[in-house]
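Use these hints to put chain V onto chain G, whose structure you have.
Chains as they are written, first to last, in the working numbering: chain G, 2 to 449; chain V, 1003 to 1227.
Just so you know, these hints were derived from the structure itself, not from any lab. No false leads were slipped in.
The list that follows gives simulated cross-link-like pairs (lysine-lysine, DSBU-like), each with its CA atoms no further than 30 Å apart:
| no. | chain 1 | residue 1 | chain 2 | residue 2 |
| --- | --- | --- | --- | --- |
| 1 | G | K183 | G | K109 |
| 2 | G | K109 | V | K1026 |
| 3 | V | K1026 | V | K1041 |
| 4 | V | K1160 | V | K1041 |
| 5 | V | K1057 | V | K1041 |
| 6 | V | K1013 | G | K427 |
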Amino acid sequence: MTVVSRGWNRLTLPGKFLFILVPLLIVATAALIILITAFGQLALDTLAANLPIVRFVVAATVILLITVPTAFLIIYMEMKIIALMNLRIGPDRVGPFGSLLSVVHGLKVLMKEDFTPTGADSVVFTWAPVVVYLASVMTLLVIPFAPGLYGADLNIGLLYFFAVSGLAVVGLLMAGWSSYNKYSLLGGLRAAAQIVSYEIPLTLSVVGLLLLAGTMSLNQLVENQQGWFTDWYIFQQPLGALILFIAATAEANRTPFDLTEADSEIVAGFATEYSGMRFGFFFFAEYVNVFIVSALFVTLFLGGWNAPFALPEAWQVQLSLDPASFNIGLLFIIALAPVVLTLLFAAPFWLVSSRIKWWQALLIGFVLANVFIVTLAVAWAYIGLNWVAGILWFMLKTYVLVFTFVWMRGTLPRVRIDQLMGFAWKWLLPASLLNLFVTAAAIVVIGR
Amino acid sequence: MSFVPGLGIAKGMALTLRRFFEPKATIMYPEERADVAGKFRGRLQLLYDEWGTLKCETCFQCAQACPIECIDMGGIDTRGRYHIHWGPPETYGERREESALRRSGRTVPDPAFRPYQPIDLGEVDRILDEHDFDPAHMLPILEATQEAYGYLPVAALKRISHRTGAWYAIIYGTATYYGHLRFEPPTATDQAAAVERHRPAEAAYLAALGSALEGSGRAGASAGA
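With the rest of the complex left out, here is chain V:
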């Protein structure tokens, strides 16, 4: 009974006939509007204030957060020349080098890059075993992982993804959705310790900065201490 001629046609016809009677998905747009998703952040456009100046502060937060690097901008340079750009990055000067690298196919140096941190995966494996490797228990798994490591290391998330079969992007989405889950060590001291551990050069700089600013009461002083 593996191959019956015309069975596929019959199945397809049955499917479309069932769809024929099902409720329809159309939203009659001008009359009714779909609910806006809770994560919607508004229109992507540059706004002007009442004096006609751009409200954009050129803080680069949007460009940094953009997952597909589609946002790109310039801004006021050190001599106060005002030029906001948008459009293909190779059309303006301050990005020319980087985009040239991109177009030539070489890797672009990323100042925000952190090397992959290997961690002890025994804890994650134990937690996963307790939850029977079930991706439906993702939130308890993530909470237990955070309790074990203090935060959610990327290596642990990757391990969870491998063992449960859930997509890394989905796990990442779940973890970013909940406010009590974090990807960094929790407190400032922990963070400082982590920086010392993983980025010795930066830690040394911060320590030097702290000693140089001794007594001036700047917040940076405690960071390296």
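Only chain G is shown next, with the shape it has when bound in the complex:
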């Protein structure tokens, strides 16, 4: 036994890891610094020269990444809200208020066996969830989250949205066909019939809006709705908004139109043979769809990222606070502000009541200081940064709509398949045509 091996054996397990990792980290940092100094300017120039490509890649990556936490959040909302409406408590074990349960669900799905039935068309079987998932994720590309915060401002944004979300039908049919199971095939056909039927009123319901707005760019549509909330298109197109809402519910396969995978009645429709992460992608796509449908409704009819009020110019605070202007003082502020604020907030508690011990007062002070700092930071960002205010309003409106979808799922019973189809063709389609003709006539008469 040499000295080296004895020394190595005396290290604990974390020690062994650190012994390898620390030198590696030092080498990697040094290499990175050298690389940046040598090629940094070149890389920046190349990126700047190809800004559209960079913008596209970044947007695509971000959009692909934000769908996962969005889906987790909506799954959690669904579990929790429906539980509360059932007089239950719902998830409360994993994470604060059980909020990590959907993450655990995701991990569970990830660890399950990824099963392909014998006789299945394995290529199509594998690609079907990808198509379904991408069809919903790609629509996010044109949704304006805030002023200047969108993947692409296409002048045919709305058309692109409906075209790409229509791709989901292909994925569903692929899943049903390739499963080598007649019930899956029937489920896929049934899902396709529903989604294709509802796509017609869905698309027709916004034509009146397009006549009014004169543009298909979602960004332009949002900018048209600036001002007070009375400028939102929902007040000019109430019938169109109602039809879009109902048809979008059916498009996203939500209750009362969730016949494609009616949990309590049929097994899972087209997804019967799927398991593991491939099933997870169908599942994710459904919840991302809820978000997307809500976002589309907000964008078209609820003013997008516009605040529901427009304060007069005189009221708007011009905040020109540049943190860099403090120079070295900034360092002191960052270092001292938490301590000073903690003591400041702790002092009244400690002074007022003798029953509160000093460490309890400090704890309260720390929490309050944090709340204060976060509130201040958010307020500063809201006033100073246009896109923060935009994204706050957009997310608020969208999640109110998501709540409504969950609320509907907690309330409404599922319709029958013939009622579903009859409703689409006998009521929604004529209503959307009526909406279109009335809007067109109004435009001709008023001459807007």
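For chain V alone, coordinates are given in the frame of chain G:
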């Protein structure tokens, strides 16, 4: 204003939204436990003593009390063969005949059966009229009925159920809950008289038994007298 489209949806949504804010009914089981009901009689399972023998005495009380006849058992037969059963009744011998009757759909002769005793319902009707046929006054009604008849005849309970609209099962539950209400004539003599009235054959048997045991001091002697 009879039919407004979407009114039902709006009502349902309002209901669930109200439920959303109401206090929750969940009991967080491992941490907190619900109170056990006062009528809870413990777990339904056969217990063993420290020598490993079953504590069950095969008294059939549980089987007789079981309202849905789910308890069924055998026991030690006359030759001392030890076989306790539980499970479907048709799987063991001593119940085979009866269960065969059950499965064939014929009525099962019940040795404990007593024919329906018609009584004079005028008293019950008077009591009910006094209490205005109000099921909320069930306890006073039952007490007055017991005072009038000496006990609570089934016919009177049925009459009360019909006239007040309360479920028979609820009235029966109320009556069984209170110790001072009874379904049999109160004393031994009354009981004997009732037996004589309603079951002449049994009364004759008891009388014969009493005369046969004359002077031996057995309790059964006074029953038929």
